[in-house]
Amino acid sequence: MHPTASQTDIVEPVTIDASSGRVENGIHLEVGDPEIFERDDPTRELVFDLERVQILYSGVAAVTDVNLDIASREVTAFIGPSGCGKTTVLRSLNRMHDTTPGAVVEGKILYHGEDLYGPKVDAAEVRRRIGMVFQKPNPFPKSIYDNVAYGPKINGRKRGDLDDLVEQALTRAALWDEVKDKLKRSALALSGGQQQRLCIARAIAVEPDVILMDEPCSALDPIATARIEDLMIELKREFTIVIVTHNMQQASRVADRTAFFTAELNESGKRMGLLVEYDTTNKIFTQPSDPRTEGYITGRFG
Amino acid sequence: MTAPTSLLTPRRGTTGRHVRNRVATVGIWLALFIVLVPLVAVIGSVIVKGASSLSGNFLTQDINKITNGQKLADAFAKVAGKQSTQDGIKPAIVGTLLITGFATLMAVPLGILGGVYLNEYGGKNHFARVLRFLTEVMTGVPSIVMGLFIFSIVVVKTGFSLGWNVSGFAGSLALGCLMLPVVIRATEEMLKLVPNELREASYALGARKSKTIVSVVLPAAAAGIVSGALLAVARAAGETAPLVFVIGITRTTNTNIFSGGNVALSTEIFRNALSYGSYAAARNRAWGEALVLIVIALTFTLLARLVTAMFTRRRAA
Ligand SMILES: Nc1ncnc2c1ncn2[C@@H]1O[C@H](COP(=O)(O)OP(=O)(O)OP(=O)(O)O)[C@@H](O)[C@H]1O
Ligand SMILES: [Mg+2]
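The listed protein sequences correspond, in order, to chains A and B.
For the first sequence, position 284 (counting from the first letter as 1) is numbered 284 according to this note's numbering, and the numbering increases by one without interruption.
For the second sequence, position 276 (counting from the first letter as 1) is numbered 276 according to this note's numbering, and the numbering increases by one without interruption.
Same shape as in the complex, but just chain A (with noise of 0.2 Å):
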């Protein structure tokens, strides 16, 4: 199986660098062509751009020199094996660490250019225009229709369009058509799926910038998993996606990028995460650079 078979559906703007002539982003690479995987296109428009960053829990650090950036509506995919800290980078790009007592993200992480822990951004609107899904499905105790009302109604949107935002997020989030007659039902009467796309409409539903996505298929079946990879190639229209995903498959599917995280044992004995390699999902998946994350995915596809 070509990896990149469905990606040639999804309409890509190619962008020709007018000096080299080369082509780029996507479906007309050629494999073997390490050249035309140049990572700093200038035409990126970058909504993060993280350096040496290192993010620590009660003073041990979990993962370590994190350089990466993450462009406009694109789908960049966090793999690597379990305790590498594809979570806990994911958090640092919200500001939900600042929730966790006794994390400490240092570094840099630049947001649309300003710093995301600059001393007067405020970490309630960062995390409003950065939206999160987590791994396992978090419906509040209330019903379909407050869970989506929830985001707008505290960011100040007024009773009378919250009907039609409603029905518009859970109709984006695939769900609408499952849900509309019972809307003032108990969310958590919903199956783990319905739960999940509850919780994608909720997070569409304040209409973020950014939507950061940890394993949100993990507990899904393929026909869920399916639906919620065609969201997010209808969401990346609008919407720049970081997911963490453990199915290559799935992430050579919906992801434009694609970063390897490892944990290795540091000099003091320590288990550290890092980035290994980050780059176009179809050069992670044909040519990867580093022997660890050939190793890694070659070793999953078998």
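Take every hint as true, because none was put in to throw you off.
Here are the simulated distance ranges between beta carbons: (1) H246(A) <-> P195(B): 20 to 26 Å; (2) R185(A) <-> V156(B): 56 to 62 Å; (3) R129(B) <-> G113(A): 42 to 48 Å; (4) G123(B) <-> P119(A): 22 to 28 Å; (5) G102(A) <-> S259(B): 53 to 59 Å; (6) G159(B) <-> G102(A): 47 to 53 Å; (7) E178(A) <-> A51(B): 52 to 58 Å; (8) A222(B) <-> K182(A): 19 to 25 Å; (9) L39(B) <-> E178(A): 46 to 52 Å; (10) S161(B) <-> R185(A): 53 to 59 Å; (11) A128(B) <-> K184(A): 34 to 40 Å; (12) R52(A) <-> V141(B): 53 to 59 Å.
No lab work stands behind these hints, which were simulated from the structure alone.
Beta carbons: idealized from backbone N, C-alpha and C, even for Gly.
Given chain A, work out where chain B with the ligands should sit, using these hints.
Chain B with the ligands only, in chain A's frame:
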């Protein structure tokens, strides 16, 4: 290879198991019976003996001098038999409801705030630890000590005291002090059960901490907090010791709990029971009051169950 044994043939050692099973079953039934004896005896005797008092105007009349008058024996001799129906407990019912109600108004909101502070803000910091410890100590303070405390700082006219004299409010303060640690503990325990994922979900939508607590955390824990608080109220409604020397006494209904003496069902039972054996009328009053008090306490307990059931049903629906 051994032939498979029939399912009907007992394996070695299983006969002993049957016997043990039988013995355990009998033991459990016996234990249940033993537990039920005092329970049924208490409820039964209160109902049987109290029901006879609940006649006529018992619930709507003021308290007759019979039980509290100066010349008790004389008064009793005069009215015995013919006037006992004139003898009501309305002031005590009103007093109990007002005193407990005010105690609830003070202790429950404060207790919930305390529990929220401990679990959501304090966590493991020094102040929270001290507060948690004091709450535990306060839970262990005997109720009569709490009454004495309120008596010495609110009621009496000497020393470091507000010197407000006896009043229903002094009783509310004493009951409130007893309820407060219970409500704090119940709230903290219930908030601990709220999964952190819910808080994170709220933060991830741009909610601030205070908003998250009010709109997500407290509603998720509401059933437990409300039923915990109602059980504390039910408990407080029957307390005697903290009231008996801070609320004074009245024979007519006193709806102003801030001034003048007041009376509660529990203190009335106490006073009437003191003359137990001497005066049949007093004894009957005590049983009647006991029945009313149990009904009031039971109402709160049932309310607590109802609230829990309501919330659970809504969540499952
Ligand atoms: N709240 C926390 N406190 C202390 N250590 C933590 C905490 N969360 C994560 N860690 C540690 O940080 C490291 C990275 O964890 P993280 O959850 O980011 O891994 P992950 O790559 O998301 O793994 P998985 O694929 O299993 O979800 C692990 O060693 C973990 O033990
Ligand atoms: Mg994870």
